[in-house]
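Make the full structure from the sequences, and use the hints.
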Amino acid sequence: MIAIQWRLVALTSICNTFGDVLNTAGMKREPEVEKLGLCSLIRMLSRIVRNPLVIGGVAVLTAGFFAMASLLSIANVSFSVPATAISYVFETLLAKYILKEDVGMRRWGAATLVACGVVLLQW
Amino acid sequence: MNAMRAPTTPRHRRRTQLLVLIAIATQVAGNVFLSHGMRRAGAILSASPLDYIRAINPWTLAGVCALAIWMVTDLALLSRADLSFVLPVIATSFVLIALVGHFVLSERISGLRWMGILLISFGVLLAETTPDRTTRRQGESP
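Protein chains in written order, with the numbering used here: chain A, 1 to 123; chain B, 1 to 142.
Keep in mind that the hints are not guaranteed to be accurate.
Short, incomplete list of chain A residues facing chain B, as computed with Cβ under 10 Å [stated by the list, open to error]:
id	residue
1	Q5
2	T24
3	E30
4	K100
5	A115
6	W123
According to the in silico footprint, chain A covers these stretches of chain B (three or more CB under 8 Å from chain A) [what the hints assert, rightly or not]:
id	segment
7	9-20
8	78-92
9	125-133
Bear in mind the hints are in silico, worked out from the structure with no lab data behind them.
Just so it is clear, CB atoms sit at the ideal spot from N, CA and C, and this is done for glycine as well.
Structure representation (structure tokens):
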């Protein structure tokens, strides 16, 4: 059972990481959402249904949602949530090297503080 | 592509912060509603999404609607801001969920949990000191 738990942790973390990176890469190809009204958001939705990166990202995040649901059905939330907090660090790493974002010391510090904080929140 | 040079105006920043607030609010509401609804539905141990149909009740429906709004808001946010900026800032929702549990549901918060809340809050404040966007979009002039 422990091996299955860790496989689900890995699957959830991988899905969250790649889902967010795919969504970001896809949304950077779209025009920036300037206005925050309903029409503007509907226009954005009508465009992204033809964006393979966003479709892939949402599909991967959905798989991650069900992996997390399965993990929660066999493990406590106090194990599940902190175990997957490592994805904050992985996502920052991929944001730097794949999305070419300028991740300086302050953003690394922020991602590390949040990951450590999420782990401590479970006690 | 180096980013800290990419332009973001105060107006751009304010609109991004508004989207951040909507994303945090819908994520907190979605998780609280969904969690409450799933507890009322009882345990469902299945890998098939079809088995989750019997968990449909007003609370889970409200949770799914709130999370759908969160997903759209998150995508709009990612069209305007960096992933490495959005991630730590959205983590404010963890702090809010813990505080709602303490002050509304009278849940106990241990010393370590308060420490976690402090660390996340410092992480959010640190991320807020960086520009929301550091990369140029396709076709954007330098």
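Hints, one by one, checked against the model:
1. Q5: violated, 14 Å
2. T24: holds, 4 Å
3. E30: holds, 5 Å
4. K100: The hint holds - K100/A has a Cβ within 10 Å of chain B, the shortest such distance being about 5 Å.
5. A115: holds, 8 Å
6. W123: holds, 4 Å
7. 9-20: holds (count 3)
8. 78-92: It holds: at least three residues are needed, and the segment 78-92 of chain B offers 10 whose Cβ sits within less than 8 Å of chain A.
9. 125-133: Check passed, 4 qualifying residues.
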